[in-house]
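For the record, the sequence lines run as chains A and B.
Residues in the first sequence are numbered from 1 upward in steps of one, following my numbering.
Residues in the second sequence are numbered from 398 upward in steps of one, following my numbering.
Calculated directly from the structure, the hints in this document are not laboratory data.
Here the structure is a predicted model, which is why all the values come from computation and not from measurement.
Yeah, the Cβ is synthetic: ideal placement off N, Cα and C, and Gly gets one too.
Check each hint, because a few of them may be wrong.
Which chain A residues face chain B? A few, computed with CB under 8 Å, are given here [to be verified]:
id, residue
1, Phe-16
2, Thr-148
3, Thr-184
4, Ser-368
5, Val-387
Distance condition first, Cα-Cα at most 27 Å in a straight line; then the derived BS3-like pairs of lysine-lysine [claimed, not checked]:
id, chain 1, residue 1, chain 2, residue 2
6, B, Lys-443, A, Lys-342
7, B, Lys-457, B, Lys-443
8, A, Lys-106, A, Lys-60
9, A, Lys-306, B, Lys-407
10, A, Lys-4, B, Lys-726
11, B, Lys-726, A, Lys-105
12, B, Lys-443, B, Lys-489
13, A, Lys-103, B, Lys-540
14, B, Lys-467, B, Lys-407
15, B, Lys-471, B, Lys-443
16, B, Lys-457, B, Lys-489
17, A, Lys-120, A, Lys-105
18, B, Lys-453, B, Lys-546
19, B, Lys-552, B, Lys-454
20, B, Lys-404, A, Lys-287
21, B, Lys-726, A, Lys-120
22, A, Lys-224, B, Lys-407
23, A, Lys-283, B, Lys-407
24, B, Lys-443, A, Lys-287
25, A, Lys-106, B, Lys-726
26, B, Lys-471, B, Lys-543
27, B, Lys-407, B, Lys-471
28, A, Lys-2, B, Lys-546
29, A, Lys-224, B, Lys-453
30, B, Lys-453, B, Lys-509
31, B, Lys-404, B, Lys-467
32, B, Lys-552, A, Lys-306
33, B, Lys-404, A, Lys-283
34, B, Lys-543, B, Lys-457
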Amino acid sequence: MKFKSLAIFLIISSFFLTCILSIWKIMATLQGLNFTNLNVTAVLLIGILLSLAFVLIGNKLNHLIKILLLSFIFSILYFYLNEASPYWYLFGVFLITLFFTNKLKKYSIQSLQEDFISEKIIFDFITLFGIVFFAFVILFPFYIMLVTSFKTQIALLVNPLDFSIDFTKSLTELFKSYFVIFETYNFGRYILISSAVSIGTVIVTLLFAIPAAYAVARLNFFGKNFLSTSILIIYMFPAIVLVIPLYTVFSQLGLRNSIFGLLIVYTATTLPVAIYMLQGYFKSIPKEIEDAGIMDGQNWFGIILKIIIPLSLPAIASVALYVFMIAWNEFLFSLMFLDSPKSFTLSRAIQYLSGDAETPRQYLMAGSVIVTLPVLFIFIYFEKYLVSGLTAGSVKE
Amino acid sequence: MSDSLSKLEKRTAYTLVLPAVLLVFAIVLFPIFANVWISFKDIELKDIRIPEPRAKKIVKSISENQSELKIIYKLRNSSLIQEIRNVQFQDKFPTNISPVNLDPRCNFQSKKVVCDFGNWQAKYRENFEIILQNNNGEIIDKKIIKSQKPILSGKADNPLLTTNFTLENFKKVFYENNFVELLLTTFYFTFFGTIGAIIFGILAAQLVNQNIQGRTYMRGILLFPYVGPVVALAYTWTLLLDPNSGTLNALLVNFNIIEQPINLLGQKYITMSILGFEFKLRLALTTVIFFEIWRYFPLAFLFILARLQAIPQSLYEAAEVDGASPIQKFIHITLPQITAIISILFMIRFIWNFNKFEDIFLLTGGASGTRTLPINVYQQGFAVSDIGMGSAVSIVIVMLLLSFMVIYFRLIGKRANEV
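Kindly generate the complete structure, drawing on both the sequences and the hints.
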């Protein structure tokens, strides 16, 4: 029993260490280091030795001294087993090992005899591994997007794995792609259009949604239940089935290639979600507060303006941000409706740019960074609102 | 008293709701019904403009005599397929100028030439001439004549509103469009995309729900793919996966994991052999499914995490006392608590994946075996320019969606209210 759990502990822990070190090596390769071998078996073996040494030493040494010593020895072994590498890389290896041995703190010969210890070990390391894995998988494309925008076409062709950023270059050199897309490809205009459409959509949607949500939440009228179910059903319906009729009708009305046309469509498609999210919140406002308003002789307009809106500002903010993000990210309708570069939104402009096979990829990525940054900033800054909004109102793409 | 109050309440409610309802009706519901209409028509992209009579005015001098001018109107029907009825023509001229030998279809009165051209067939063209003469014998100013634009009017049917219907589109959808493969690809994509997103969602939620440092940061980071703009993310992935200079292939070749770069987005099949069994994997489709999972597992994660955090800790403590293992805790406590949310997520994601257009369009454009129903709507309607056919495919999508929804509300609808 003891050996089984010890074996599981050794294998799982060193497997975890190998994974992190491999990711570190891949990241270092992308900085232009010339590694061609992941050396998985060797790392796995010295990882097992490290874990074994850790549990064997147990409490005989102070924990801090123990992990420093073990990590140091491990780094030296790693250095001899692998290709030549610069000191900063080895220092990274040392820090990773330090972090790893520190995580091993709660394991000792005694603790390996507890109930279900093998399952616990697996769960522990899968958790750690999972976090590293998910963070890597999620952030890696964003990282590539960002660094590519700072490279030049030639540098990328010479070595497609070298993503190191040369900070000795002047700022204008470094941000060259950004200057180019603003000067040659007119991205300033597209940013303005995208912002105008998105902010306009937010305002118009709120103007329509707040009264409607109030009526659904508070008033009794014929067809109310029907309305609230159809809201749910409507937002299950995809944009792709609306595209052909809207395209034909908008063509005949001359609304294609116009920001106004886009605004109408965005508003109509975000309204159901907005109403659904808002009415949920309005229902949670105590009715007594409104009754006081009615006593004061307020009409519905006054009640909404003076009581409901001030009380539900957080919900309105989350709906507004949410609608903004939908409108900003929207692609299908802008693809269908906008043909002329004069009225492109950012997403459409990037797609148009990519249609030309000659466009260097760093321009494409610079454009992508520009369209991504605002939403990520908004998201990080207002995460709390957005997350509660997302979960409260179910979700629309 | 209360009766009039409830009347007032109703009236207020309708005023509040009406603007939103009308807008949604016009932009969302109306097109769904309009699709039915269009799908029974033989109509192409170039036909959707209403035909109108057009005229181009050319002014020419005749010989030396500057007091006479010839005007040529190049008349045409803008439509190639439809006639225009009862075309009326009108052009104005300055004082003292009158036409000579006017065409019998026209007459001249109070400085205006008014013509009745009757009906114009499709593709109709005519060079119509008027010779002008100045009654005083003075020179006619060409510029003034040129600056006056003729006014034409005529009656034409809106090609969308005519009542000739055909079943041709649906025949083509079912028999000439590789319909079975289309449907299979769509279901393959939808099903695996949904299942994958939910499995990764459960894993991620389970991880973040542990007591680890930086839990909120982790939650934020995990949602990045979901909130990022699809255009930027799809192009980044195309760049990563590119066979010639993409990072992923370069890395794999560099570390000798593969010998030749793999065209992950451009190759329809890849032959794999596992345990001696050879089978063909739909490579491009699988890659697109992975992108889909990457982009949408955060949503599943968020919902499942919210549910996990609501499970009372005492349940786990009690299980601990009873000596339950971590796996037993997961199976007997966690899983029953999240089945409801998982079934809802499954249906929502299933429907949305079923309708997914942008992701596939941006990654492969529907090539290499990634053509799904929504991609087909675009291809038929805009690449092949057959609007009627595109609408017919849309109708197929709507029908399938409606049946999913019926199943959903029958099976899970009641449970949805409990959550």
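*Below or equal to 27 Å on CA atoms is what counts here, so check A:Lys-4 against B:Lys-726.*
holds, 22 Å
*Using 8 Å as the Cβ threshold, decide whether A:Thr-148 counts as touching chain B.*
holds, 7 Å
*Verify the proposed pairing of A:Lys-103 with B:Lys-540, using a straight-line Cα cut of 27 Å.*
Roughly 89 Å separates the two Cα atoms, so the pair is violated.
*Are the Cα positions of B:Lys-552 and B:Lys-454 separated by 27 Å at most?*
Roughly 22 Å separates the two Cα atoms, so the pair holds.
_Would the hint linking B:Lys-726 and A:Lys-105 be met if the CA-CA limit is 27 Å?_
holds, 25 Å
_Restraint check, 8 Å cut-off on beta carbons, for A:Phe-16 near chain B_ = violated, 14 Å
*Straight-line Cα separation of B:Lys-471 and B:Lys-543 no greater than 27 Å?*
holds, 14 Å
*Is the hinted pair B:Lys-407 and B:Lys-471 satisfied, with a Cα-Cα distance of at most 27 Å?*
violated, 60 Å
*Keeping to a limit of 27 Å between CA atoms, is the pair of B:Lys-467 and B:Lys-407 held or broken?*
violated, 69 Å
_Given the hinted pair A:Lys-306 and B:Lys-407, is their Cα-Cα distance within 27 Å?_
holds, 21 Å
*Does B:Lys-489 lie within 27 Å of B:Lys-457 when you go C-alpha to C-alpha?*
OK: B:Lys-457 and B:Lys-489 at ~17 Å, within 27 Å.
*Compare the distance between the alpha carbons of B:Lys-453 and B:Lys-509 with 27 Å, and conclude whether the hinted pair is satisfied.*
At roughly 18 Å apart (the allowed maximum being 27 Å), B:Lys-509 and B:Lys-453 satisfy the hint.
Of the numbered hints listed earlier, those contradicted by the structure are 1, 3, 7, 12, 13, 14, 24, 27, 28, 29, 31, 32.
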